[in-house]
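Going down the list, the protein sequences come from chains D and X.
For reference, each letter of the first sequence is one residue, going 1 to 352 in our numbering.
For reference, each letter of the second sequence is one residue, going 1001 to 1324 in our numbering.
Everything labelled a hint here was simulated from the structure, so no lab data went into it.
Possibly wrong hints are sitting among the right ones.
[What the hints assert, rightly or not] Reference excerpt, derived from the structure (chain X facing chain D, CB under 10 Å, subset only):
| id | residue |
| --- | --- |
| 1 | A1058 |
| 2 | F1060 |
| 3 | T1061 |
| 4 | P1063 |
| 5 | I1067 |
| 6 | N1069 |
| 7 | Q1070 |
| 8 | G1171 |
| 9 | E1204 |
| 10 | V1217 |
| 11 | A1254 |
| 12 | I1255 |
| 13 | T1257 |
| 14 | Q1276 |
| 15 | A1288 |
[To be verified] So, partial list: chain D residues that the calculated Cβ filter (under 7 Å) puts toward chain X:
| id | residue |
| --- | --- |
| 16 | E50 |
| 17 | T65 |
| 18 | S68 |
| 19 | P85 |
| 20 | A87 |
| 21 | G186 |
| 22 | T192 |
| 23 | S194 |
| 24 | G202 |
| 25 | A216 |
| 26 | P217 |
| 27 | Y218 |
| 28 | P335 |
| 29 | P336 |
| 30 | A339 |
This structure is a prediction, so every number in the text was calculated from the model and none was measured.
In this text, a Cβ means the ideal position worked out from N, Cα and C, and glycines have one as well.
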Amino acid sequence: MLARRFAVALGLSVALASCSPAAGTVRLLETGSTLIYPLMNLWVAAYQGEHVDVEITTQSTGSGTGISQAIAGVAQIGASDAYMPDAAMREHPMLNVPLAISAQVIAYNLPGLGGVHLHLSGPLLAAIYGGRLAYWDDQRILAENAALRGRLPHRAIVPIRRSDGSGDTFIFTQYLSETTPSWRSGPGFGTTVSWPASGTVGANGNPGVLQTCEDAPYSIAYVGISFMDQVNGAHLGYAALRNRAGAYVLPTTPAIAAAAAALVSRTPRDERISLIDAPGAGSYPIINYEYAIVNPHQPTLQIERALAGFLEWTLSTRGGQRPVFLNAVHFIALPPVVARLSRDQVARITSP
Amino acid sequence: MAVRQGELRPAVMQRVRTQPLLRYATGAFALTSFGIIFLMLLFLLAYAFPAIRFNGTAFFTSPIWNIGNQYGSATVTRAGFTAQAGASFGSLVFVSGTLLSSFLAMIAAVPLSLLVALAIVYRVPASLKPLANAVVELMAGVPSVIYGLWGMIVLVPFIGNRLSPTGSGDGLLAATLILALMVVPIMVATTRDVVQAQQASIYEASMALGSTSWQAVTRAVLPSVRSGIAGSVLLAFGRALGETMAVLMVCGAAINTLPHGIFSPINTIAAVIVSQLESALTDASGMAQRSLGELALALFVITLIVNAVARIVLHGGDRSGAIG
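Bound conformation, chain D alone (with noise of 0.2 Å):
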């Protein structure tokens, strides 16, 4: 009798194991960056819905954590706005690939400013979240808002960061580093910088700072321009930044161009390269390549073809690069000669 109900249990339990997918599908696992995974989850949909012998997982984990997992081999794509140091690349050498390229808006929770875009500037956010500029109402404010003078509320402003390995820290510290040479010899750059004590709030992913920002009034914070239409309907502000040659830009997809015009013909073959305070008038200063950090040696030669193979696809023009999945993050597409240099890198990843 217990044999028999032995038997059964092993019976059912090998047939209930042997429900995953059919044999040849291989499964792909992608992690990291909040900036990038809205942009993931529409082209992963897409591309299953032609490929049903793939099976990718998406992941938002912060860019910290996508590029430790691809290096520890745990995840095939690490998505991260921030590109390797070359600390790391020595001990790993990792594709860094772009894929998109990708902006930060500067959001602020002040109610009754009613639609007007704030003016900030690299120095003055650094100031802000330096610890030295404490209340919206500052004289430092109100000189590159001449327009809000008496519209601004004498409130303490809650400056909200990542907490997380963040690729949105590191263009955000980058562009702090770029404009203000005390921030730059001070917290630098980078996914995780030891941020002044000021009073800052810490909160995890771009949808975790989102919801302080919503939850915290008079407060300011960084976001990926992918979570742009959650920000509008929060009536949360996002503010114009002050770019190199001094204009006030909104994050715009032409504004965004424009920055990448002005400074992709500099991408080098690693194509590791910061695009942020591009020269321009019309340029946006926060733009960035969304990277997927790819080990270039895969463990099958089915997972190697499975990722080369998404990967092409993501850089396509008749793929991933089309308006409707771009357009849907506020991204632009690649232009042709980095999407050709990503495609070099990609073909170079192989198996045993």
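Following the hints, position chain X against chain D.
Frame of chain D; chain X shown alone:
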């Protein structure tokens, strides 16, 4: 023949002594639990050793946590160990946040737990007692993440909009309230058990002497279970010290800044290990991970001490009231 708590009857002990397999097997298993703790301590010490040497005493006095400039090539070497230039690991923010939030949570939770436990034992009608007990045990079993989620969605916006002068609700107050909510059921359960195990004769004797119910409880019953309550408070304190997820979601993830008020963002050791782990993995020199290991070691030692003191206090005052 009177038997002390924790010992077996002499007849049983005799049988155990003549069965070597039973003795050695149970002895080995008893040693295993001690061995695991010891091995964990050894592992943490070995893993954190480079950080212990690199950070020195500044680890305990400095509020700055800086993994160094990852995007530069300059490095700094101290005591033979290397990290990226600018690296400096200080735990003051996290240790003070941990101790402060747990201590304040206990201040909020202990009176409430005592009164709830006394209410359950002496005031709740017998028909409702099983329900009350079930509710308390249910609250104790709710995963801490759920408290954290409630805190993040309900408590933090409430504090931010109604109470906090800065408009931000993440901080010491939110962390304290969440921790207090979490330890109350634990303390109610243990206090209730301790008070109920107390012989009813003490309460009845006091009432017979003409005291009011309140006087009987506070002057006769509670003093006799003092050590049991103190032990449960210390155990709950140990739990609050190590609480991770719930605090992580509401504390504000402060870095480099000590709290200066009840609404300031804070950070605790457990929360910072979780939130900084992936960032630490980007440190090419590995010193950031080792320093997180040193933080873990600090928390381990603090919790061991608190639990050891709790054990001593709980077993030290054994007044079950048995006579002969």
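Interface hint for Q1070 (chain X), Cβ within 10 Å of any Cβ on chain D
Interface hint status for Q1070 (chain X): holds (5 Å vs cutoff 10 Å).
Residue hint P217 (chain D), partner chain X, criterion CB-CB below 7 Å
holds (4 Å)
Residue hint P1063 (chain X), partner chain D, criterion CB-CB below 10 Å
With Cβ-Cβ at 7 Å, under 10 Å, it holds.
Taking the least C-beta to C-beta distance, is S68 (chain D) closer than 7 Å to chain X?
holds (4 Å)
Hint E50 (chain D) vs chain X: min CB-CB distance below 7 Å?
violated (33 Å)
Restraint check, 7 Å cut-off on beta carbons, for P85 (chain D) near chain X
holds (5 Å)
Min Cβ distance, Y218 (chain D) to chain X: is it shorter than 7 Å?
holds (5 Å)
Min Cβ distance, T1061 (chain X) to chain D: is it shorter than 10 Å?
Violated, about 15 Å.
Is the interface hint satisfied for G202 (chain D)? The criterion is a beta-carbon contact with chain X at less than 7 Å.
holds (3 Å)
Return the status of the interface hint for P335 (chain D): holds when the least beta-carbon distance to chain X is below 7 Å, violated otherwise.
Interface hint status for P335 (chain D): violated (25 Å vs cutoff 7 Å).
With chain D as the partner, please determine if A1254 (chain X) meets the hint condition of a C-beta pair closer than 10 Å.
holds (7 Å)
Does the CB of T65 (chain D) sit less than 7 Å away from some CB of chain X?
holds (4 Å)
In summary, the structure is inconsistent with hints 1, 2, 3, 9, 10, 16, 21, 28, 29 and 30 from the numbered list given earlier, while agreeing with the others.
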